[in-house]
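Student: Sequence:
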Amino acid sequence: MNKTLLIGLFLYHFLGFSQEVAVLKYSGGGDWYANPTSLPNLVNYCNQNIQTTLTPKVSVVDVGSAEIVTYPFVHMTGHGNVVFSANDIQNLKNYLTSGGFLHIDDNYGMDTYIRKEIKKVFPNNPLVEIPSSHAIFQEPYSFPNGLPKIHEHDNNKPQAFGIFVEGRLVLLYTFECDLGDGWEDTEVHNNPIQVREKALKMGANIINYVFKN
Numbered sequence: 001m002n003k004t005l006l007i008g009l010f011l012y013h014f015l016g017f018s019q020e021v022a023v024l025k026y027s028g029g030g031d032w033y034a035n036p037t038s039l040p041n042l043v044n045y046c047n048q049n050i051q052t053t054l055t056p057k058v059s060v061v062d063v064g065s066a067e068i069v070t071y072p073f074v075h076m077t078g079h080g081n082v083v084f085s086a087n088d089i090q091n092l093k094n095y096l097t098s099g100g101f102l103h104i105d106d107n108y109g110m111d112t113y114i115r116k117e118i119k120k121v122f123p124n125n126p127l128v129e130i131p132s133s134h135a136i137f138q139e140p141y142s143f144p145n146g147l148p149k150i151h152e153h154d155n156n157k158p159q160a161f162g163i164f165v166e167g168r169l170v171l172l173y174t175f176e177c178d179l180g181d182g183w184e185d186t187e188v189h190n191n192p193i194q195v196r197e198k199a200l201k202m203g204a205n206i207i208n209y210v211f212k213n
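Residue numbers (our numbering): 1 to 213.
Treat the hints as calculated values from the structure; they're not laboratory data.
For each residue, glycine too, the CB sits at the ideal point set by N, CA and C.
Hints may be right or wrong, so weigh each one.
[Claimed, not checked] Keeping only pairs whose Cα atoms sit at most 25 angstroms apart, straight-line, the calculated PhoX-like set for lysine-lysine is:
1. Lys120 to Lys93
2. Lys93 to Lys149
3. Lys149 to Lys201
4. Lys120 to Lys149
5. Lys212 to Lys93
6. Lys157 to Lys198
7. Lys116 to Lys93
8. Lys93 to Lys201
9. Lys57 to Lys157
10. Lys157 to Lys93
11. Lys116 to Lys57
12. Lys212 to Lys157
13. Lys25 to Lys93
14. Lys198 to Lys212
[Said to hold, decoys possible] Restraint ranges, calculated between C-beta atoms of paired labels, are given here:
15. Gly167 to Ser142: 37 to 45 angstroms
16. Thr53 to Glu152: 34 to 42 angstroms
17. Thr55 to Pro144: 14 to 22 angstroms
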C-alpha cells in the first residue's frame, strides 16, 4: 500500500476516535491464537479502571493486511515459529512508522524466531532494553522495578525491549514475563489474584502509553 495513503487511513481512524485493538495473525506455524481470553480481559480491565473506551470486541488482523491501520494497538503472542513475508515486513513497517503500535508478548518459545523477523522489519533500529524509568512503567500504575514476572519458565528475569523510531516507542517486546497468561481468565492458569492484578495493571500501563503518545 502507498505509504501516504496508509498514513491518511491511520489518521482517519485514529482522529475519528477509533479505539479498537486487535490480535496479530502471522504465518510460520506459531500459535498466534494463543491466550484467547487475554486481550478481551485487558480491554475490560482498562475500560473499568483507567477510563478508556476501547471496543469490547477484539478483532484479528493479518500482519500483511491493509486493515491493520484501523487498530492503533496490535498485540502479538505465541510459542513458536514466526515468518513474515516481504509484504508483511513492508506493511508492518509502514504501520509502525505511521503511528501504529505493536506489543509482542513471548508466550515462551518464540524468542529465537521473532527477533529475526523484527530485524527484517527494522534492520537499522536495534531492539534495546527499556529501563524501569521509562514512562510505560510509571502510570497509571507504578512499576519501579520495571516489567513484572508473571510466569516462571527458565528462572530468568523479565525484560522489556523496544524499537524506537525518531524517539517514539513503536514496538514493545516483553520477554520472560508472560503478561498474556496473566490477563487470561482466572481458571486458565490459576494465577493468584495478586499476580493476575500485576499483569493487568502492566497491561493497562501499555494501553495508557499507546493512546497518550
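Student: For each hint, tell me whether it holds in the structure or not.
Tutor: Structure-based check of all given hints:
1. Lys120 to Lys93: holds (10 angstroms)
2. Lys93 to Lys149: violated (29 angstroms)
3. Lys149 to Lys201: Holds, because 12 angstroms separates the two Cα atoms, which is no more than 25 angstroms.
4. Lys120 to Lys149: Cα-Cα ~29 angstroms, so violated.
5. Lys212 to Lys93: holds (21 angstroms)
6. Lys157 to Lys198: holds (16 angstroms)
7. Lys116 to Lys93: Distance ~15 angstroms between Lys116 and Lys93 Cα, so the pair holds.
8. Lys93 to Lys201: violated (28 angstroms)
9. Lys57 to Lys157: violated (33 angstroms)
10. Lys157 to Lys93: Status violated; Cα separation ~29 angstroms.
11. Lys116 to Lys57: Cα-Cα ~31 angstroms, so violated.
12. Lys212 to Lys157: violated (28 angstroms)
13. Lys25 to Lys93: Satisfied, since the Cα-Cα distance of roughly 16 angstroms is no more than 25 angstroms.
14. Lys198 to Lys212: holds (21 angstroms)
15. Gly167 to Ser142: 37 to 45 angstroms: violated (23 angstroms)
16. Thr53 to Glu152: 34 to 42 angstroms: holds (35 angstroms)
17. Thr55 to Pro144: 14 to 22 angstroms: Since the Cβ atoms of Thr55 and Pro144 sit about 32 angstroms apart, the hinted range of 14 to 22 angstroms is violated.
Checked against the numbered hints above, the structure breaks hints 2, 4, 8, 9, 10, 11, 12, 15, 17 and satisfies the rest.
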